[in-house]
Structure formats: C-alpha cells, structure tokens
Amino acid sequence: MTKVIKVLGTGCTKCKKMASIVQDVVTENNIDATVEKVEDIMEIMKFNVMLVPVLVIDDVVTIKGRVPTKNEVLALLN
Amino acid sequence: MFDWIQNIADWFVYDVLNLNKGEHLAEALNFFIYDTTKILILLFIIIFLMGIVNSYFPIDKVKNYLSRNKLYGLEYLMASLFGVVTPFCSCSSVPLFIGFVRGGIPLGVTFAFLITSPLVNEVAIGLFVGLFGIKTTIIYVVSGILLGTVSGIILQKLKLEPYLTPWVKEVLANAQRKQEAFIAEKQTLKQRLPVIWSEVLKILKSIIPYVILGIAIGGLMHGYIPEGFFEKYMDKDNLFAVPIATILAIPMYANASGILPVVQVLVAKGIPLGTAIAFMMGVIGLSLPEAMLLKKVMTLKLIAIFFGVVTLCIIISGYLFNIIL
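Residue numbers (the working numbering), protein chains in the order written: chain A, 1 to 78; chain D, 1 to 325.
Source of the hints: derived by calculation from the structure; they are not laboratory data.
Keep in mind it's a predicted model, so treat the numbers as computed, not measured.
Beta carbons: idealized from backbone N, C-alpha and C, even for Gly.
Incorrect hints may appear among the rest.
What the hints assert, rightly or not - Across the chosen pairs, the derived CB separations fall in these ranges:
id: 1; chain 1: D; residue 1: 53; chain 2: A; residue 2: 29; range: 43 to 51 Å
id: 2; chain 1: A; residue 1: 27; chain 2: D; residue 2: 188; range: 48 to 56 Å
id: 3; chain 1: A; residue 1: 20; chain 2: D; residue 2: 167; range: 25 to 33 Å
id: 4; chain 1: A; residue 1: 27; chain 2: D; residue 2: 6; range: 24 to 32 Å
id: 5; chain 1: D; residue 1: 189; chain 2: A; residue 2: 34; range: 50 to 58 Å
id: 6; chain 1: D; residue 1: 174; chain 2: A; residue 2: 23; range: 50 to 58 Å
id: 7; chain 1: D; residue 1: 191; chain 2: A; residue 2: 23; range: 23 to 31 Å
id: 8; chain 1: D; residue 1: 190; chain 2: A; residue 2: 32; range: 33 to 41 Å
id: 9; chain 1: D; residue 1: 18; chain 2: A; residue 2: 28; range: 35 to 43 Å
Unchecked claim - Short derived list, chain D residues pointing at chain A, Cβ under 7 Å:
id: 10; residue: 91
id: 11; residue: 98
id: 12; residue: 99
id: 13; residue: 238
id: 14; residue: 239
Said to hold, decoys possible - Pulled from the structure, derived: some chain D residues nowhere near chain A, Cβ distances all over 10 Å:
id: 15; residue: 89
id: 16; residue: 243
id: 17; residue: 320
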C-alpha cells in the first residue's frame, strides 16, 4: 500500500532539510510513498504538535522538533 | 583549569611557528588559539549537558505540567525555568504558542516561556562562561529567568486576549485543561545518547563559524582599541547608553554567537557590564524575524506591546546592573 508521508513545517531551514532527507530516502530506496509538505499553520496544529519540523507517516506522528538521519527515516518506513 | 590550553597555544605559536614572544602577531595568535579552544570546549560541555536535561523535559511534558497544576503565581517562574531547559528554534514559536493556549495556559505564562527560552539558551550560557566567567554567567541566567517571569506577569495584567488574531481567539475559547494522552518515552540514557549527540554536533557545526569570526574580530579590536576608550562615551552616568544599546541590539539576532565575543572586548575596554548585558539580552532574546512569524497568531499591536514590555524590562535590568556591579 502506498504510504502517505507528510512533513510539517513552517518553512524554516530545518523543515526544508527534513523534507529533502525524506524525499531522498524514498527515491533512493524505491519506497512506494507520497511525500507532501504541509506549511499551513492551521493544518499543522491539527496534529497537535508544538515543535517543527514533524514527520508524519500514515497520519502517525513519528519525529518532532528535529532533523532525522536518513537511516532513521528508512527504519520508520520499513 | 585551562592552563593546558595555554600550554598548547604557547607551544604552537612559539615553537611550531617559531614566532617571538612579545610580537603583536604572536600575541594576537596566541590569544586567538587559547580563546577559541577554551570557548569551544565549554560550549560543547554545556550544549551536551543541556541536551541531556532537555531529553527528560520534552515540551509536551512541560505543557501538561503547566496546564494541570495550579501554582498560585509560581507558574510564571516555572514557565520561565522550563524555558531554560527547553530550547526551540524560532520557527516553532507559533505552534508552541498555539499549543500552550490550547492547553488552557494563561497568556502571561505562555509569554514567560517564550521570553526566557531564547534568552537563556545553551549556546548563550556556554559563551558566557567562556567569555565572562561563572559569576557573570550566573547573573545573566538568573536575571534572564526573572526577566521572563516579570514580563509574563505584566503582560498577563494587561489583558491582551482581544489582540489575538481571530482564529487564535477561537482556539482560546475551546481551550481546556484536559490531559492529552502523552506517552513518555521510557528510554535509558544510553538509548537517548545517540540522538542527543547528533543534536550537539549539529548545533556546534552551525555556530562554530560565527564564534571563530567573533573571536577573531574581538582579537583584532583588542589590539587596536586603547584601554578605557569607551569610558568617555558610555560612562555609567550616561543615562542614554542602556536604552540605545538595547534598541541597537534588537535587529542583530542571527549572529549572537559572533557578537558576544566582540562585546567581551568592549567590556574589557571600558563599556559598563550592565550596558553590555542589556545589549546582549537584546541580541539574544529579541528578534525581528521572530516577531514577524508571530503575526499569524497576534495582531501587530500585541506584538508591539510584547516587544515593548520585554525591551523595557531589559533596559531596567541594565540600569540595575550598572548600579549593583
């Protein structure tokens, strides 16, 4: 099943970094997933988080407030 | 405690590079190597320790604590203290603000947290210890915490809720002090260390260029500005010095790690410490880009009041330090 990945962030450097790392992991490992950037603050607040960037996989919040490593993201996606 | 760094600097400059003691270049280089090494080591230690503390005080826990407990006035101080151990990057200030409001935490308490968190952070503490010593660091940290507390209390008294943006008012109306399901990560320190470690390296990497540049500029100034140069202009009795220093500081936000080493040299050359602390608080604690981010949740009027109150408190503490120190 296609995974739905969302990167929540208000557009700061860290958020962009997380988005590019996630995109790289998906492309490099041919993972069946869509990556979406959520920048609207009201949308972000629906996930009840207080620190950005946030990684959401299939509507589950996995990492918040920091930029993960590629290996971490890969482990979460497998 | 840092003799061994001095020995390394001496060895490198006088033996390896074979420069002569007493030469301008040799002394400047020696000072630069000693200062940079010492400050980077202290920064590393403090960022690492704060990372460990922070790992045990995640933001959700802080929010739940403030939301659940009635503290009879102490909540401002608690929020301010939590601000010290819970750093956040300015891009998180809006989600944080909403999260706190949603949890039924009073506006003033939220402000206390938002003021102290950037003002007393691990990088600032590390730099302060390295540049000014323990005593000045303690003065800075304690006054930063009190400043957040007092500003929070004042802002609460001003009843600012009408100046929130409409959608935040809606959040406020639906706010509840309910406990959100928060599952604390039950991890041992050993399991936490890799994440803490990589954060420490990331922070260090991002500030090292500014720190080195700041120390280099400071070192150059050190050699060229005569002792007591500023005493003529920035005397303790000059009433305008503190406000001017504070206001000048507000636009300089991104390079706090580069500005502090320069300020240290200015203090050595005669700028009163209180004026310098007011300036540094302005640099570290108030940033215009952050103010612009807050536009999503606050009207311009509220942002202006928020910044005005904090600026005023910084100016007052600057005067106080000039009187006490």
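Any of the earlier hints contradicted here, and which numbers? 1, 2, 4, 5, 6, 9, 13, 14 and 15
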